[in-house]
Amino acid sequence: MEKKIYLDNAATTKTRPEVVEAMLPYFTELYGNPSSIYEFSAQVKRGIDEARAKVAKVIGAESSEIFFTGGGTEADNWALKAVAEVYASKGNHIITSKIEHHAILHTCEYLEKNGVEVTYIDVDENGIIKLDQLERAIRPTTILISVMFANNEIGTIQPIKEIGAIAKKHDILFHTDAVQAFGQVPIDVNEMNIDMLSASAHKLNGPKGIGCLYIRKGIKLRSFIHGGGQERKRRAGTENVPGIIGFGKAAEIALETMEERARKEIRLRDLLMKRILDEIPFVRVNGDKVRRLPNNVNVSFQFIEGESLLIMLDMNNICASSGSACTSGSLDPSHVLLAIGLPHEIAHGSLRLTVGHENTEEEINFTVDRIKEIVEKLRRMSPLYEDFMKKKQ
Amino acid sequence: MEKVVVGMSGGVDSSVAAYLLKKAGYDVIGVTMQIWQDEDSCTIEENGGCCGLSAVEDARRVAAVLDIPYYVMNFKQEFKKHVIDYFVSEYLQARTPNPCIACNRFVKWEALLKRSLDIGASYIATGHYAGIVKLPNGRYTIKKSVTQSKDQTYALYNLTQFQLAHTLMPVGAYSKDEIRAIAAQLKLPVANKPDSQEICFVPDNDYAAFIEEYIRDNKLADNEPADKSGDKKYAGLLPGNFINTAGEVIGRHKGYIHYTIGQRKGLGIAMGQPMFVKEIRPDSNEVVLAGANEVFSDRLKARNINFMAIEGLDGELEVEAKIRYSHKGARCVIRQTGEDEILCVFEEPQRAITPGQAVVFYQGDYCIGGGTIV
Numbered sequence: 001m002e003k004k005i006y007l008d009n010a011a012t013t014k015t016r017p018e019v020v021e022a023m024l025p026y027f028t029e030l031y032g033n034p035s036s037i038y039e040f041s042a043q044v045k046r047g048i049d050e051a052r053a054k055v056a057k058v059i060g061a062e063s064s065e066i067f068f069t070g071g072g073t074e075a076d077n078w079a080l081k082a083v084a085e086v087y088a089s090k091g092n093h094i095i096t097s098k099i100e101h102h103a104i105l106h107t108c109e110y111l112e113k114n115g116v117e118v119t120y121i122d123v124d125e126n127g128i129i130k131l132d133q134l135e136r137a138i139r140p141t142t143i144l145i146s147v148m149f150a151n152n153e154i155g156t157i158q159p160i161k162e163i164g165a166i167a168k169k170h171d172i173l174f175h176t177d178a179v180q181a182f183g184q185v186p187i188d189v190n191e192m193n194i195d196m197l198s199a200s201a202h203k204l205n206g207p208k209g210i211g212c213l214y215i216r217k218g219i220k221l222r223s224f225i226h227g228g229g230q231e232r233k234r235r236a237g238t239e240n241v242p243g244i245i246g247f248g249k250a251a252e253i254a255l256e257t258m259e260e261r262a263r264k265e266i267r268l269r270d271l272l273m274k275r276i277l278d279e280i281p282f283v284r285v286n287g288d289k290v291r292r293l294p295n296n297v298n299v300s301f302q303f304i305e306g307e308s309l310l311i312m313l314d315m316n317n318i319c320a321s322s323g324s325a326c327t328s329g330s331l332d333p334s335h336v337l338l339a340i341g342l343p344h345e346i347a348h349g350s351l352r353l354t355v356g357h358e359n360t361e362e363e364i365n366f367t368v369d370r371i372k373e374i375v376e377k378l379r380r381m382s383p384l385y386e387d388f389m390k391k392k393q
Numbered sequence: 001m002e003k004v005v006v007g008m009s010g011g012v013d014s015s016v017a018a019y020l021l022k023k024a025g026y027d028v029i030g031v032t033m034q035i036w037q038d039e040d041s042c043t044i045e046e047n048g049g050c051c052g053l054s055a056v057e058d059a060r061r062v063a064a065v066l067d068i069p070y071y072v073m074n075f076k077q078e079f080k081k082h083v084i085d086y087f088v089s090e091y092l093q094a095r096t097p098n099p100c101i102a103c104n105r106f107v108k109w110e111a112l113l114k115r116s117l118d119i120g121a122s123y124i125a126t127g128h129y130a131g132i133v134k135l136p137n138g139r140y141t142i143k144k145s146v147t148q149s150k151d152q153t154y155a156l157y158n159l160t161q162f163q164l165a166h167t168l169m170p171v172g173a174y175s176k177d178e179i180r181a182i183a184a185q186l187k188l189p190v191a192n193k194p195d196s197q198e199i200c201f202v203p204d205n206d207y208a209a210f211i212e213e214y215i216r217d218n219k220l221a222d223n224e225p226a227d228k229s230g231d232k233k234y235a236g237l238l239p240g241n242f243i244n245t246a247g248e249v250i251g252r253h254k255g256y257i258h259y260t261i262g263q264r265k266g267l268g269i270a271m272g273q274p275m276f277v278k279e280i281r282p283d284s285n286e287v288v289l290a291g292a293n294e295v296f297s298d299r300l301k302a303r304n305i306n307f308m309a310i311e312g313l314d315g316e317l318e319v320e321a322k323i324r325y326s327h328k329g330a331r332c333v334i335r336q337t338g339e340d341e342i343l344c345v346f347e348e349p350q351r352a353i354t355p356g357q358a359v360v361f362y363q364g365d366y367c368i369g370g371g372t373i374v
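Chain order of the listed sequences is A and B. So for the first sequence, my numbering puts the first residue at 1; every next one is plus one. So for the second sequence, my numbering puts the first residue at 1; every next one is plus one.
What the hints contain is simulated information worked out from the structure, not anything from laboratory work. Just to be clear, a hint being listed does not mean it is correct.
Each computed SDA-like pair below joins lysine to any residue, with the alpha-carbon atoms no more than 25 Å apart [unchecked claim]: (1) 372(A) x 113(B); (2) 390(A) x 117(B); (3) 98(A) x 110(A); (4) 14(A) x 69(B); (5) 114(B) x 384(A).
The following block holds chain B by itself, in its conformation from the complex (with noise of 0.2 Å):
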């Protein structure tokens, strides 16, 4: 029997996708991945997120249902090194971080998957709405769950051609309603939780006291590219200067780490006209508001690219791009301009393009490909 490793939460999907795998004769054990840095149990608790202490209980008792073995990995220093500094030097460099992007590829799968290969499993499994195809040209890739209307294939993108072959995503050919109904008649006690939070370890939403505490505590790896140049490190921090597309000073903000592209809400200004931040130069601590018609633009550039469907890009490719979660997608052509960046030209301009997000390429339901936007 193959052995599989099921990453649960507690919650229902990867409990079902436990439960699936199992009927269908797989060796299956549970693992429930211990991430967090932050040991103040109460917030953990409150939080109740994928990772948290509860999370630990809930998925026992799932596991114990099914009659499977289950465990609990740490992955504290994993995801303390891949996302969350990560995250914090991100911000610190005047872009906005996707940290699930991260967590999954270098966390959840690249750590996960080797300490399951290192146990003896040929897979790992998850709950996601997403199916792995191989390709007739040889290569693996995500496809879309065609009945999930929330779309979870955006934060895949970065996975491994290695990672795909090695992974199983049992409730991708189910709906949702399905999925629950299969809880219900095995009487699982699965958990109701969100669906999903904004950032797991900032239960609060206050990304930017998290940001600060994070710095003043110097919890921020050394060797991180941001605080090469010493204080530096603060600079996201200081106050300083709104100024609008003609340069003039029109106000302050309190630290630029506080605002991503596109954002209109808490700046605190009154312009006569909705004011919306444009762009932030961290080199002289100015973030530059505009008005709603200046934020778009045609076209992007990303690097860090990694293709899933395809092996490379030859000349140019018909695409629809995402440029951060919610988006839902615009029709666009990509070509390669350098060994590591892709041009991407939309037919239509876009608002709030985001350095630092990441941009996927699907072409129908299979995913293309993606890169971090600059």
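Extracted from the complex, chain A is given alone in its bound form (with noise of 0.2 Å):
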């Protein structure tokens, strides 16, 4: 198969070409500041005002509750270090998870130099919080927790309702990392107690560059990049209108055909699962089977580096990845394997493949052939397995 396979859709899909349509005006004709007095801006303004409708209707949420960042990871780290100094006289605990996307764990770290305490809550096997430790952690002075909606290496998605019900209860804000869930999964902030969100257009076939916090109305955020007064004074710098654009008509996009892309990546990701299972042996699925997004498969295949997988993969046109593309493309054995109780030489042969809309039956059967071919001439040359055989004679 000459043509490429594309199966690393949590690190950044395809950008649909209606989305690339839409945007395509506000390059050379809609091209005003939307801060500026004349007509001709005020139509781009519109252009925006009714992206961030789109973006707000994916997750239940009112437009004025919806701020475009450069990205997730900017998300994030508004939301983490905007509490920390706000609510600094109300207390300086977090409460997070080990399993966090690094714009998280990253921002945590950071904050914890800078006198801010986090617990960092354990998962159970498949990636699950665990709620009961989580509600033990919470302390007087706990001001925000901060849980990702779905994981982006394993895919399980968290128990996010029960983890907004805690917040309530105890009063606490809520924040979640929803980058890999928005417009993939049904999200209701309201019915979820939702308080801050996360999300970021390149993961759901929109542009790169782009992405938005929610902040439900009424809670007191300061800027967090300073500068003019673009976002209702929350986020300065002169709007990335294209990006904003392209992020409307994806959410729109991603919203409409939810259920009918679900069903689709469902099917694929489950004969992707089943036939490596069924027909590769010393290997396990990570990550909850039921509460799992649609598009993500994650084994560990026993007596291999996933390096190398990764590589022969890639000559055969195979994109895939061992987890996070976010560290230079070389791999250290991924904090979420770690943290579900995969040992590092297991951690170490892992492969996540995440499908697409795209995708096709066929290309599934292709890369499961190439994937059993490689994993056994790996083996073959594996001390590991050589041992391993020898002593199971």
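Make the complex out of the two chains shown on their own, each in a separate frame, by following the hints.
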């Protein structure tokens, strides 16, 4: 198969042609600065407002609760740092989980250096946060709970409604990094009692460099980027207008197609998982089997190096990953896999495949065939496998 | 087409190595090995060393120009175990290690070669100015590059026959100037980096501070010999006495990891004549100082022997030996004195023979083998 097979949709997605088309006029025709006074700019402003409404609709929020940012990472940084600062008089304690994205974990580490105390809650073997531990961790000084909606590596969806209820009961703010879940699974910020939510357009077939932070009305959060009065004085800097328009269009399509897409992706995901489990020995699926993103497959093959597997898949024109793509292309054992209890050597043999709406059954079958061949070959050359088979006999 | 994995640093030598192999018809894959433990990117960027993040960016650009596939492979675990842990535990045992030799044998060759064979390559290649030759006796050895003023074979003596059989060193046939000219002609975006550093994972060269921090942060693996007896792990960090060869106390030292045999600077001692470190005694935490003429010796013993050009020693052999990287080499006779022990007797006494360093034997331009000075 000469064509590239893209199975890394959790890293980023292809921008939909409809999205590109919606964005294009905002480069060359509707290029006015939305803050200017003339009618030409008012048109641009209207475009932004429409996009904001479309994004808000995905999570059942009000338009005025959506603040556009430069992406999911900025939204996460903003939520955590601003809450720590604004609520410093109330307390200095944040609760999060051990399997957050580095945008949360590294921000927490930064805050810890500045006097904030952070509790990292354990997850069970499927990656689901331990709710009893979370509730026990609450102190009078706790100002924020931040737990991701769905995990980027193993696809596990957290009991967000339950966490929201706990936060509400104790009158603590609740933020969720929903970068992987936004537009993929149903989210309702009111029903789930979410106070803040981060999202990113390029994970839902939108453009890169645009995201948002949802901030529930009434929550005082200082601005994170200082300058002009854009985004109702909360996020300065001339708006990334084409990006915002693209985000809006991608959000609209994602919401419209969510059910149908999920059905298709689940079928491909399950085919992928079933064939791998049925046809390759010494393999395990990571993450929860039921509470799982429709697009995520994460498996660990014993006795092999994930890095070699990825490179050989690449030689077959198959784009896959071992987890997070955010570490300069090189692989450390994933903190998520270690947190769900995988030993180092098994975590090293892990592979993440995330399907998209454009993938086909043929592609999935071709990929499984290649994985089978490569895993067999790598095991033939693995001293660990040889020792294991000898002991077995 | 045979596949070759080229270890790329972004520097001129490995970049041209990749080009030469591609030109010779190999299916070339560029790889940069990530081996740092330290995730502080500032240190890495400033350092610009063989394995930092900037090396990745530089090598990626070169690979793009050469139109070859390029990957970053992670060897942090292997590097920690075989290089940094070894380095620290050697100093704690009052020896002066050579981390580059350990890195070459266990990381650059053993680990990279394994993974390269895994992905279907037949060889790994490097930008060393040296040659690999197969001798009439069927053995592989390393040959010094005649055009090189700077010898690159010393740190390679410990490679196994299997490793040599699967290694290519294409720039070894050229001079550095010729390689630079090829790079310029191709307009390769190669980085202008210092040729080498003392110790790549200690960017500020303060190795003693590095060791202290490493131990205090408890990073040394528990199975290392140095910390079998609990507090002994810290012994090398504790101040003790400088003594003279008569056993008299002549001052205080700041912990024996700070000293190496032959050292003169930084002793903080005034004796009317220049004093040198003659010996380190870890058990009594004493460092013996002596005058210039007392740090010479005409013999050494080596263990952990690796033979290259020969299968083993049969009686005595006249060779030239290098006892440290910067050593010019000295004539000597070697013979086997134990199952894994060689005695080396020099024609002329040599200055500062240092336990932990490698002794490497040559005949002409060929490497005979070598071992670790005990």
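Evaluation of the provided hints:
| no. | hint | result |
| --- | --- | --- |
| 1 | 372(A) x 113(B) | 23 Å, holds |
| 2 | 390(A) x 117(B) | 22 Å, holds |
| 3 | 98(A) x 110(A) | 16 Å, holds |
| 4 | 14(A) x 69(B) | 22 Å, holds |
| 5 | 114(B) x 384(A) | 13 Å, holds |
Checked against the numbered hints listed earlier, the structure breaks none of them; every hint is satisfied.
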